[in-house]
Amino acid sequence: MSDETCAAMHLLIQAEHDGELGAAEAARVAAHLQTCTACAAHAAALRRLSTRLRAELPADPLPLRLQAVAARLSAPPPVPAWRAVRRQYPGFAAGLALAACLALVVLPRRAPDLADQAVTAHIRALQPGHLMDVVSTDRHTVKPWFAGKLDYSPPVQDFAGVGFPLKGGRLDYVGGRPVAALIYGRAQHLIDVTVWPGAAAPSRDGTTNGYNYLSWSHDGMVFWAVSDLNKAELRDFVALWH
Amino acid sequence: MNGSAAGEVFARVVVPHLPAAYRLALWLLRDPAAAEDVVQDAAERAFRHIATFRGDNACAWVLRIVRNQAIETLRKTRPSAELDEDLPDRAPLPDADLLRAEGETTLRAALAGLPPTLRECLVLRELEELSYRDIADIVGVPVGTVMSRLWKARQILMARTEGLRA
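Which chain is which? The protein sequence lines are L and X, in order.
The first sequence begins at 7 in my numbering and counts up by one.
The second sequence begins at 3 in my numbering and counts up by one.
You may find that some hints are simply not true.
Quick look at which bits of chain X chain L covers, simulated, 3 or more residues with Cβ under 8 Å [what the hints assert, rightly or not]:
{"no.": "1", "segment": "36-47"}
{"no.": "2", "segment": "119-130"}
{"no.": "3", "segment": "145-156"}
Hints listed in this document are in silico derivations from the structure and should not be mistaken for laboratory results.
Backbone N, C-alpha and C define an ideal beta-carbon position, used for all residues, glycine too.
Whenever a hint applies, use it, and build me the whole structure from the sequences.
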């Protein structure tokens, strides 16, 4: 095979390597590689390079600051009801009674429920590279990590002794504010505990999109635990916090 | 589009591609703080112009915005010659020496030492596994140019890392 022909094959060999060729061209490349050891060696070198690049250059996770930007732009503050009504009907110098009537009609949408938000945060966190900002099984590492990132200090506990080891922590965005998220393990399952300061509220539990959640209040903090773990074990886990 | 509708579209269209956008900016700028700035600016810009997204290829749309912003930053901060793709034959760029001094792998240093026009094509193909068509859309060149840049980038990397193992 002449050098000129091989040079002409180079971009085709690369395109085949990159999965960009149709069947006919791919067959042409394969036929050439069978007869030309130089090009076959080159194809092998392309494969080695790709393998090394993908193996040795791990993806950098999205930094916290950009996660916060994403959260902020995804969930702008809800428009107060009265402004929404005024926008919808700018012609009315709306009397309160009228506004109230309209509100019933035009405002069926409410701000996303906290349970939905906690579950959504958990699902978002399960995407590759999103789960943990600080990876540590030591609560004395995880707790100080939040200092300076939040205007409160979340209670961090480790339950490794009873089968719920602390895995790490993450800054998340729930209920319109940055919050601490603690990650615990239970066999193959992960449990997210988001916690922020708030008035005591009735405990809640339920299931959204297949994820179980439980909320409780303790010592001026509100907690939401979300996991694909079964409800009974999630309850056991929550009981440890009381 | 009101604020919350824009937010929903942003969450669906832009947010899934922000990790890839950050990695591209990082590979182009080689400076985490600058890459964060670029991606934040690009995200704000994407949010403002979310209504112009036509729904064909979110990944290419987002990465194009980030890539343009990153190149603009590069032009401001680096000598223009460094953006030229016809420089690969000279000695490794300072970036590469620096990275080597920091004990990074030779492969990483070699990739960092490529001219940005070659580096971005290789990063988008090898690390983000995008198609030639998508890369051409993002970089704003014909598919044929993407192919020749990838070829060139790979030849240089192979030459510089030949015989080296991690």
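Looking back at the hints listed earlier, which ones does the structure fail to meet?
Every hint satisfied by this model.
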